[in-house]
Amino acid sequence: MKKAEVIRVSGPLVVASGCRGARMFDVVYVSEQRLIGEIVELKRDLAFIQVYEETSGIGPGEPVYLSGEPLSVELGPGIISSVYDGIQRPLEVIRQQKGDYIKRGIQIPSLDRKRLWHFKASVAVGQKVVEGDILGEVEETSLIKHKILVPPGLGGEITEIKEGDFRIEDTVAVLKDDDKGKTFEIKMCQRWPVRKPRPVKEKLPVSEMLVTGQRVIDTLFPVAKGGTACIPGPFGSGKTVCQHQFAKWSDAEVVVYIACGERGNEVADLLLSFPQLKDPASGKPLMERTVIIANTSNMPVAAREASIYTGITIAEYFRDMGYSVAVMADSTSRWAEALREMSGRLEEMPGEEGYPAYLATRLAEFYERAGKAVCLGSDNRQAALTIMGAVSPPGGDLSDPVVQNTLRVAKVFWGLDDKLANARHFPAINWLNSYSLYHENIKEYLEKQVSPEFIELRVEAMRLLGEESQLLEIARLVGLESLSESDRLILEVSRSIREDFLHQNAFHEIDTYTSLRKQYRMLKLILDFYKKAKRDLEENKPLNEILASPLRTKIAQAKYSPEDNV
Amino acid sequence: MFKEYLTVSQISGPLVIVEKVSDVKYNELVEIQFSSDEIRRGRVLDVSVERALVQVFEGTIGLDVASAKVRFLGRSQQLGVSPEILGRVFDGAGRPRDGAGGIIAQKFLDINGQPINPSSRDYPTDFIQTGISAIDGMNPLVRGQKLPIFSGSGLPHSRLAAQISRQAQVLGQKEKFAVVFAAMGITFEEANFFINDFRNTGAIERAVLFVNLANEPAIERISTPRLALTTAEYLAFELGMHVLVILIDMTFYCESLRQISAAKKEIPGRRGYPGYLYTDLATIYERAGRIKEKPGSITLLPVLTMPEDDKTHPIPDLTGYITEGQIILSRQLHRQGIYPPIDVLPSLSRLKDKGIGRNKTREDHADFLNQLFACYSRGKEVKELTVILGEAALTDLDRLYLKFSESYEREFVSQTEFQERSVKETLNIGWRLLSQIPKEELKRIRPEYLEKYYRV
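Same order as they appear, the protein sequences are chains A and B. The working numbering applies: residue 1 is where the first sequence begins, and numbers increase by one. The working numbering applies: residue 567 is where the second sequence begins, and numbers increase by one.
Do not rely on the hints blindly, as some may be mistaken.
[Said to hold, decoys possible] Label pairs and their in silico Cβ distance ranges:
{"id": "1", "chain 1": "B", "residue 1": "804", "chain 2": "A", "residue 2": "435", "range": "49 to 55 Å"}
{"id": "2", "chain 1": "B", "residue 1": "630", "chain 2": "A", "residue 2": "365", "range": "48 to 54 Å"}
{"id": "3", "chain 1": "A", "residue 1": "115", "chain 2": "B", "residue 2": "804", "range": "33 to 39 Å"}
{"id": "4", "chain 1": "A", "residue 1": "45", "chain 2": "B", "residue 2": "637", "range": "30 to 36 Å"}
{"id": "5", "chain 1": "B", "residue 1": "676", "chain 2": "A", "residue 2": "435", "range": "47 to 53 Å"}
{"id": "6", "chain 1": "B", "residue 1": "903", "chain 2": "A", "residue 2": "562", "range": "45 to 51 Å"}
{"id": "7", "chain 1": "A", "residue 1": "45", "chain 2": "B", "residue 2": "828", "range": "29 to 35 Å"}
{"id": "8", "chain 1": "B", "residue 1": "616", "chain 2": "A", "residue 2": "34", "range": "21 to 27 Å"}
{"id": "9", "chain 1": "A", "residue 1": "25", "chain 2": "B", "residue 2": "616", "range": "25 to 31 Å"}
Because the hints were derived from the structure by calculation, they are not lab data. Quick caveat: nothing in here was measured; it's all calculated off a predicted structure. In this text, a Cβ means the ideal position worked out from N, Cα and C, and glycines have one as well.
Work the whole structure out from these sequences, hints included.
See the structure below:
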């Protein structure tokens, strides 16, 4: 490995001289402790390095080793159920080997080198394969069959294929490429640079819905499989609980949860609760489909910047196998802040609020890695990668540059509201300013899966909620008494939509997840009551009598009735 | 022996530039000796081949370019600890302040600590009874949580913090506990209030105090919370104690940080605070918690005064994004003579859900507090409406809610400084108030609990 020398240290920024030939974003190892860093700027033979670990005790004159390779992740069996830090070091293994605190200079391979995996081949000798073709599979967990793919850029005729128990570094197949005149040994693991999106054959418009089991989202503001959504809100408005709910109940096949600069205890909660929670579709522990990237707020800031990319690359890898993958990034504001911190130390010219001018580009690049796509490979399998990013704007102010730049690229906006959170109306998603641009895309899906009526019900519910806010405004001026009875009925029904339908208790064993079918039935119940009440009102029945109907108790109890009773 | 440099070239604010240095490391501890033989300490903020930028902890008053001798100590700032540390009072930089000699250290710990591996964290689940209804009933505190008090100048946050440290206990257990108290930039009187309170209750024997007063060097404040948390980590994870850490007042800490950042000519973020304020605060707050298979815990109670009572000011804002909830004090309630003036609606405890319920407090607690929140919030809305429309425009139900919210503030939130309510008492008061509201309105409570606890 080429060696250079430290000439300056300022927090996580280290400058080294003698780096001629080094490339941007190459990984380097600083000092004999081998702290991992990445080159973020080059000037003549000087390299500016962002170091992913605490740099206390490092000084000029110490060596810097240039790896000549960009920051990469290891992809292969063993990723699922793992908990990694921002640069894919396995936290559980670190705990077993190094104790309860994360010390510096730890180098542990991301994947277990010794573990044997049973590889089942699905191709035969003599068969021609192209990049992305499935060579075979490994049963990684009972939920995930880990497909071993021909890495991008390779292809040719299979000259050797094995079957049996192998370690990830063992060769399982050999390809001969006649055009290039080369042979390639394919192993079960491969490396991929995190900042480079993994290729697909073709991107497709989205058409299916990602069911989250959260009523306000699925019914009013749905996200499509392969779509992008953002959830901004001030602290205490329930961003993290929402993200946890998505991670638990989304009907994606693989979930990558990126805890980026967030609280340690929340990660602990995920780690302790996921193994116990069951996937509603399969009944298997949720951990068997989940990968967690945890770079909490007190862990090194540069690794926080990398964590988003580490997570999305792992997600892309599973998408390439043909799975529907969902990524939760909590929170992209912390990632942007890490970007700002490094930019400040590089003495770059700041843009809005001190964020670097390239913030918008970086955000857009990240969200564009989502999408529904035809994967590489001759079988043209389709897969989707959904991104749901939390944003934590200072003071809940939506004019914050991270929010604004995210809104330009994310197609669904779930705006969290302080007022609702204070009244403990959770999820505190404001139904008046949130939106989803996927209604048209998933129309057909809903008509087929639920009922054509579902869409009408949604429109009707949104209309009532909109009308309610206007009526309340009027009531504020002239008093509730002066509203007409039909207006007061609207107020009562919208209150019922809010309290009996939109309000959902994430900690209630039944209420925490609602299937689409049940959502439809619940909403129908409320709106049927409205229809009937409107008729009764026309027949001059008194409003109080109508509102005392026993149907209303049934509506209120509906959310707590088990799925089987629907 | 350490090399002595006489090559100080520039002094500006708390920063000193030393030239022609060799073998200096980042974050190394520095001693500067000057004309009067006085020694001040600092640390290396930026080091390049021949130049080091040093931040002086005690300020640079009286320092001169010509005679300053600089020694680099080859280690970062450390704190000597031993079990004798309990019962002692130190200054903001860790020197004894109580007249007794230095402690004989069993070991020296780096005050910056190391991040706890998220995989090693144990989720906090033990309910702490503080004896204060607005906390126990509505926003319960659990062991290992970091729950700040957002206050304003003139509000009784000191009294509240002292009351919590006096009364906090885990139900049905007698365990080793300790209080670590760090004062940053508060006045002598406030500090004295705490010290006397600890003395009067005998708590001083189980306490360690780090005190940096308003007139003491602002730069020292940067170390004060770190010294306190290093002590707490030692007591909790090596001696197995349950430690409550009180940091008062974080606003002054952040201002010191801003002062240094400005002196370094860094690009400022919001309101002149450095862009890394979030990360810096996180390295303090995140040291709270529990570790699997270790008996102790660190519960953190930072107190901060919001400038102009503004919750969106960067200090409370960033704190709120790191901590697990917040207790907000309200000037309005304080004016009405209600103690503790806890503004229940915007206050929050994120970790409450696993700390309450059957076998912890009572099975109805979760539903109970959700319902109280909803009713109180509705009551407050009605109150606003009354201001505009007058009471005549209210419906009967609205009137009930109005009455509820008033009695809620007077009977539930309000208590005295030395009153310790058990969680059962708190729940009973709440149910008595809830029973003013018609049963069918209480939608957040499961029918079986309504059946059991609702009394007309």
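Against the structure, the hints:
| no. | hint | result |
| --- | --- | --- |
| 1 | B:804 - A:435: 49 to 55 Å | holds, 53 Å |
| 2 | B:630 - A:365: 48 to 54 Å | holds, 53 Å |
| 3 | A:115 - B:804: 33 to 39 Å | holds, 35 Å |
| 4 | A:45 - B:637: 30 to 36 Å | holds, 33 Å |
| 5 | B:676 - A:435: 47 to 53 Å | holds, 50 Å |
| 6 | B:903 - A:562: 45 to 51 Å | holds, 49 Å |
| 7 | A:45 - B:828: 29 to 35 Å | holds, 33 Å |
| 8 | B:616 - A:34: 21 to 27 Å | holds, 26 Å |
| 9 | A:25 - B:616: 25 to 31 Å | holds, 30 Å |
In summary, this structure violates none of the numbered hints.
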